[in-house]
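Novice: Spelled out, the chains give:
Number of protein chains: 2
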Amino acid sequence: MIPDFAFTLLARDGAARRGRMATAHGTVETPAFMPVGTAATVKAMRPEDVAATGAEIILGNTYHLMLRPGAERIAALGGLHRFMNWPRAILTDSGGFQVMSLAKLREIDESGVTFRSHLDGSRFTLSPERSMEIQRLLGADITMAFDECTPFPAEEEQARSSMELSMRWAERSKAAYQARRGHALFGIVQGSIYDELRLASATALRAIGFDGFAVGGLAVGEGQERMFRVLDATVPALPEDRPRYLMGVGKPADIIGAVRRGIDLFDCVLPTRSGRTAQAFTRRGTVNLRNARHAADPRPLDPDCVCATCSQYSRAYLHHLVRAEEILAPMLLTQHNLRYYADLMAELRGAIEAGRFDAVAARLAAREAEGDIPPL
Amino acid sequence: MIPDFAFTLLARDGAARRGRMATAHGTVETPAFMPVGTAATVKAMRPEDVAATGAEIILGNTYHLMLRPGAERIAALGGLHRFMNWPRAILTDSGGFQVMSLAKLREIDESGVTFRSHLDGSRFTLSPERSMEIQRLLGADITMAFDECTPFPAEEEQARSSMELSMRWAERSKAAYQARRGHALFGIVQGSIYDELRLASATALRAIGFDGFAVGGLAVGEGQERMFRVLDATVPALPEDRPRYLMGVGKPADIIGAVRRGIDLFDCVLPTRSGRTAQAFTRRGTVNLRNARHAADPRPLDPDCVCATCSQYSRAYLHHLVRAEEILAPMLLTQHNLRYYADLMAELRGAIEAGRFDAVAARLAAREAEGDIPPL
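So the sequences go chain by chain: A and B.
Mapping to numbering that gives the first Met the number 0: the first sequence position 243 is 242, numbers consecutive.
Mapping to numbering that gives the first Met the number 0: the second sequence position 290 is 289, numbers consecutive.
I should point out that these hints are in silico values taken from the structure, not numbers from a laboratory.
We put the CB at the ideal spot given by N, CA and C, even for glycine.
You may find that some hints are simply not true.
Over the 10 Å line for every Cβ pair with chain A, so calculated as not near, a few chain B residues [as the list claims (entries may be wrong)]: (1) R105; (2) R180; (3) E224; (4) V268; (5) Q278; (6) E352; (7) P373.
Partner residues aside, some chain A positions facing chain B, computed with beta carbon under 10 Å [what the hints assert, rightly or not]: (8) A43; (9) A307; (10) L320.
Take a look, some chain B residues computed to stay more than 12 Å from chain A by CB distance [to be verified]: (11) E106; (12) E132; (13) P152; (14) Q177; (15) G181; (16) E195; (17) I207; (18) Q223; (19) P238; (20) R283; (21) V305; (22) A368.
Working from the sequences, and respecting the hints, build out all of it.
Specialist: Below is the structure:
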């Protein structure tokens, strides 16, 4: 039987929260990181291997999937879970962000956005109503309201009118969304770096009523300090009993700082994209496997990691695969990076449960500051 | 304890043989197909997944590995098995074939070959002695004698002098090879399409004495009919009690015909390379997943296949991955293709045991002739 969508707070440590989200496709322990599965695949990973890293929810991209293979096609094939063989929870974005960053010849008006595909130039439209329809066709467990991603930097007046448009679209998203058991609709706070606008946006979304609240329009070049300042202003205005999602974030240090400020959910292409460019996250910072220093190194990438990559392969082998441009390089590095992120989230969850968030965060930062293990 | 290298004939059906090869890294049921692991990886596959397809032995390429990362480096890292995390048997080629097909500025004389790397132009030499040393450094279970791959087509006199050079190199290979328990040295029959030369080559190799015998210089453009004719002339001249390996072959129909003629071992890039170009082998012939006819097809690639790809994904999804150029496409298609080849070999082994080789081969050919399943 499908459970009701629910978010349960299990523990707190300062503003940091340890929670559990129930969805139609399983529970998600929070704080959680969602690997990005843009085109109905977490790149270079089989879904069972994504699950093996510890991920309980992934993100799918409305923009990419509406272009190819199309939401109606995925629906006819049984929905996104079945299409890509991922039986756990899926959150889909609304398409708003990618339309701004990828599509061509955009025309925005009150009704929505008309644009041309970056793949073949064909014409599409997105609106709150169409975004809700697409996300329903995909079968998203968590649907995101359709918003306009405010460019950065933006003057306050530009940011205000963009945010106000997003709030009108949020209302239309809520009206068009068809509630289903175990499924949720999240609103997205906008307002750029302006506290007053962020508060107005949060207030508007609370008035409309959502199952969860995302903070959007960050990680777009404003820098960690300003991002944290926006969170300091915004998060206290969000309801305590609903999950909070910081969209598109981020580096490990960004995630730790955002969890400290009360964020529960994250997504970012960093661990998967880095896996395809020979960058690995380790407990001692990032490592570039292309570097010749690894060519003869028999040690694992991250001596403290128990993932399938670190327990079976040397840095020398990973370096060789990168240099030879073998497909196995992104496979093994993505697997490690996703495990690194999943382990980080598990460590943060444990820290909050134990009331030791500050100490654990300080230890993680100190270890990363040490830098990579010295050459042999 | 490491067993002696041994080849045991378990059954026959006409000239077809069902055998078992014992090596330092496990047994190999024959007839067997060896996936190609050129650069210390079977492309797009994790080694545990290669094993899961049913493969018990893979091929490694001396030429590629001597160039990058280097045989001495692999030896320092514990040998090829450990380097690439493949605990089962490995056969390495001698480097002769790839020097002819890939290297630049080759100079051949009686001593060996000097050439420049196709990767960075750096200068290398290969000789029977150096090839034996490299294959020992890699830790090959089965080492191949160093030969000159005769170009095709070749006049009889050119083929004769090339074959005679290979026989002198075979003698030097045998002299330089350091026998180790559980390990084997195979000689390679050359002689192009000339029966008399093939017989002379087989006789020369038998006189030198090898643990197994390969047929080289085929699958180079001569066509299936001429290839089978060469096998008809050559195989009867090989000793009954040693494994026989047809190098670089081939398509399923080539393999079936060669098993019928008494061949025990095969290798070919076809299943792995095809997996990277959207070509899939099925029990009803080859299928091109790029073709739009698959775009909405919810059925598995091969309805008679039980591999992880066919049991979990639709043709529509595979088509989508191919069109989106996702890494998961070669991963899933290579996995299927290798399983197809492994299942084919298992079916042939069962047919020989049951004394039904002709009937099974006819059934396989008839099924393939039917063509792909009709569109929905």
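Novice: Just pull the numbers of the violated hints for me, sorted ascending.
Specialist: none
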